[in-house]
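Protein chains in written order, with the numbering used here: chain A, 1 to 252; chain F, 253 to 559; chain S, 560 to 885.
The set of hints was computed from the structure by calculation and includes no laboratory data. Careful, some of the hints might be misleading.
[As the list claims (entries may be wrong)] Lysine to any residue pairs mimicking SDA-like chemistry, simulated, CA-CA at most 20 Å apart:
1) 588(S) - 481(F)
2) 290(F) - 142(A)
3) 316(F) - 415(F)
4) 436(F) - 195(A)
5) 478(F) - 96(A)
6) 381(F) - 344(F)
7) 787(S) - 476(F)
8) 435(F) - 119(A)
9) 81(A) - 114(A)
10) 132(A) - 31(A)
11) 111(A) - 255(F)
12) 850(S) - 341(F)
13) 371(F) - 811(S)
14) 701(S) - 613(S)
15) 850(S) - 31(A)
16) 478(F) - 99(A)
17) 31(A) - 226(A)
18) 346(F) - 850(S)
19) 478(F) - 111(A)
20) 381(F) - 311(F)
21) 346(F) - 837(S)
22) 855(S) - 23(A)
23) 478(F) - 527(F)
24) 111(A) - 415(F)
25) 850(S) - 189(A)
26) 132(A) - 96(A)
27) 506(F) - 812(S)
28) 415(F) - 62(A)
29) 850(S) - 99(A)
30) 415(F) - 443(F)
31) 111(A) - 315(F)
32) 242(A) - 213(A)
33) 478(F) - 118(A)
34) 371(F) - 812(S)
35) 346(F) - 843(S)
36) 239(A) - 226(A)
37) 506(F) - 787(S)
38) 588(S) - 387(F)
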Amino acid sequence: MSKDIIDYAVEVEDLTVAYDAKPVLWEIDLKIPKGQLMAVVGPNGAGKTTLMKAMLGLLTPVTGAVRFMDKESKDIRFMKKHIGYVPQSGSVDWDFPATVFDVVLMGCYGKLGWIRRPRKADIELTYTVLKKVGMEDYALRQISQLSGGQQQRVFLARALAQEAEIYFMDEPFKGVDVQTEKAIILLLKEIKEQGKTVVVVHHDLQTVPDYFDWVTLINLRVVASGPVEEVFHEDNLQKTYKSTKTLLGSEV
Amino acid sequence: MTAILSLLNDYTFQTVALGSGLLGLISGVMGSFAVLRKQSLLGDGVSHSALPGVAIAFILLSSKNTEVLLLGALLSGLLATLFIITIVRHSRIKFDGALALVMSVFFGLGLVLLTYVQKIPNSNQAGLKRFIFGQASTLLSRDIFLMSICGFILLSLVVLFWKEFKLFTFDSDYAKSLGFSPKKLNLLLSLMIVLAIIIGLQTVGVILMSAMLITPAVAARQWTNKLWAMVFLSSCFGAVSGVVGTAASSMIPKLPTGPSIVVCISIIVIISILAAPGRGILHRMYRHRKNRLLYKLEGGQINVPTI
Amino acid sequence: MSPQFEIQLIAVIVAVACSLPGVFLVLRKMSMMSDSITHTILLGIVLGFFMTHNLSSPILILGAALMGVITVWLTETLSRTRLLAEDAAIGIVFPLLFSIAIILITRYAGSVHLDTDSVLLGELAFAPFDRMIIGGVDIGAKAIYTTGILLLINVTAIIVFFKELEISAFDPILSALLGFSPALIHYGLMTCVSLTTVGAFQAVGSILVVAFMIGPPITAYLLTDSLKYMLLLSALIGAANAILGYQAAAFFDVSIAGSMAVMTGLTFLLVFIFAPHHGFVSTLRRRNQLKLEFAKMTFLFHIYNQEGNERNDCKASVDEIQTHSH
């Protein structure tokens, strides 16, 4: 086993999260190497979205710590400069009075900080990333007038406008046609080529070997994490997808 | 015509119209955010809950100064908001239930206190009751001054934190991931909305205040897909109906100001929902008809086969 | 019967009659609709008055109940256009109808005694003055009979249609599939709510009807998980609020209706803090307990992992040496 990779983009230590009485994540220890395209895979209710939200500091864990490139995740200044986030698409009010351009421009807000207005450079950046996702013709559309795939591209563009080092994406392929899916994965690979790290919550097991080079299998706890060719095999998958109850029971 | 001219020169009318117009403008701006955050009815709750604050301020300080009474209203409105948030966060009761309970209980407490005030010798409670129904005609120029200051503060804050409010209202999780604390923004925005409600109580009263907040914003939303345009239009609609409503109530005898303003703004919202270009109901019907026609011309059947 | 007793009897009847349909409003997340209806029935009463010119005509009650249903229909039609959110639709419809009512009253009914104050704020203290006399015999205050009929209607409706109300509140789509039209049940319930509001506002004023309708059900909601118990508990809590509220009002000599609303708030507060399972204290305690359990669990996991490691100790140390030497 080679342990040559020293540079970790994200290190999760001892992370435990619970919603009221229900444990959602148990003792997660996870290291995500820099410059990888990683999938987070697991059955429904395995805590994939929760893991992502906990890493981003959107919810408070019971115990544990998250570090980004040796910085604690509580360092907000670091977070907003270096972390990009694409939430699940259902989470916003689609009838909000905002155009595609407005939404993508929001990606620049983190760099600007409080009160300061977007500059010319931000506006140019917005158009550049819109072009990158092929949505430049839709810049002035209201967001409810887009198809599911287009909406997903807009949110991707918003994350790109953050010019982050690490990207977190919660099921970017949900409700998206095959063509858009291919386009998005090409874009993600391009981001990876620039030395950036991409973490994707993913559902479709079949495409994992094609799309990703690193994979984390979780079901309440981390079952396995590593390069796809080493980790992504029948044994681990069975461990991941067998019922949550027996998993916990056998361990304690 | 001469009636209108002489009305425009009337000092009382000028004061009241200015006040109602200002109120419409402010509540139009703050209402846009309340509506977009799906908190339309919070305004109703806060305004009803302001009543005990008015009464307590009067009992404690025995002053009928608008500033003092409104301060009481502000505090009790905020307290009610706090109660609602706590109940929703720490129990399984949903927002609407908590809102209905807190506002009716606070209003009940207000009534209890008003009947108590009635028994205090030498106190005429007429000045307090005007908060239930609102009495625009009692607006004085110092009230207008107070409204202008509050309005100026609110508008400056909106301009200053425009980017943050927009981001937070649209997607609060994303705002957090960008390093803007949703807790702080929520507090600031809620505080501003409550303030806007409180300064309107004197003019339209606790029952109709929620309309001043919601209706201009909903009307404005129909005409535009841009937030700044929506806020601007909403404030215009609010201001126009404030002035027109006041004018109507001065020219027509026995037409109360508050309800007259509400009817004005409701007419605007009805027109907007029906006729707004690209979105309104009339446009929808037109498009539907055109589609059917096109389909017919192309030789298809009108009744699309149902599966 | 002494007037004091009659007032309390009326208050208890009203409280129970209000809390029963209120349970379904709370479960359907439509609490604010009751606020809307309580305001708009004023327009129904005014229009009914213009038709009959008689304040005690039953047409007024009918008009008011009809206006309640119209309010619900208008609100839902508006929100079905999807041009605005549902809560915004409520907030647009009721102020408009209410404003029209106020304008009509001030303009045309000024000479007659149709007092907006008494409609909105109510005056229970006057209820015993209006007597029910049959064949020259005084058989009690009129309000006892009107509100009693109301209570009877509500209780019967809920017993007869319990199953339908339950399923349509829980899962409207399932209820449609099973052949119970959700629209029919919905408007049936809303008619009940309007009628109750109309019957109750004369006693307690329309704004405080909301406290009677929503307060006891959400208090009961914190105490039980069964719909049947929730109905029973709401009725009990409502009755208790009414009696305690009246006693407090009599003691301090303040507004009876207001005092009952305050009592509703107080019982809710008590239950909210101390309820055995869903209360504030027990939720906090449970959270702390959970934290303790987590700590224990984590500790156990560590021991378990340590044990596992012992067996692989040699291997692990070899690996470690290798990595360190790199």
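Hey, residue 111(A) versus residue 255(F), does the alpha-carbon distance stay inside 20 Å? violated (58 Å)
Is the straight-line distance between the alpha-carbon of residue 316(F) and that of residue 415(F) 20 Å or less? violated (40 Å)
When you check the alpha-carbon spacing of residue 435(F) and residue 119(A), does it fall within 20 Å? violated (27 Å)
Decide if the proposed pair is consistent with the structure: residue 290(F) and residue 142(A), CA atoms, cutoff 20 Å inclusive. This hinted pair holds, its Cα atoms lying about 19 Å apart.
Take a quick look at whether residue 239(A) and residue 226(A) sit within 20 Å of each other, Cα to Cα. It holds: about 15 Å lies between the C-alpha atoms, which stays within 20 Å.
Restraint check for residue 787(S) with residue 476(F), where alpha carbons must lie at most 20 Å apart: violated (48 Å)
Assess, step by step, whether the Cα of residue 478(F) is no farther than 20 Å from the Cα of residue 118(A), and give holds or violated. Answer holds: residue 478(F) to residue 118(A) is near 17 Å, not above 20 Å.
Does residue 311(F) lie within 20 Å of residue 381(F) when you go C-alpha to C-alpha? holds (14 Å)
Holds or violated: are the alpha carbons of residue 31(A) and residue 226(A) at most 20 Å from each other? Status holds; Cα separation ~9 Å.
Does residue 99(A) sit within 20 Å of residue 478(F), going by the straight-line distance between their CA atoms? Holds, because 7 Å separates the two Cα atoms, which is no more than 20 Å.
Agreement of residue 132(A) and residue 31(A) with the hint, judged by alpha carbon distance not exceeding 20 Å: violated (30 Å)
Between residue 506(F) and residue 787(S), is the straight-line Cα distance small enough, at 20 Å or below? Outside the cut-off at roughly 51 Å; violated.
In this structure, the hints that do not hold are numbers 1, 3, 4, 6, 7, 8, 10, 11, 15, 18, 19, 25, 26, 27, 28, 29, 31, 32, 37 and 38, in rising order.
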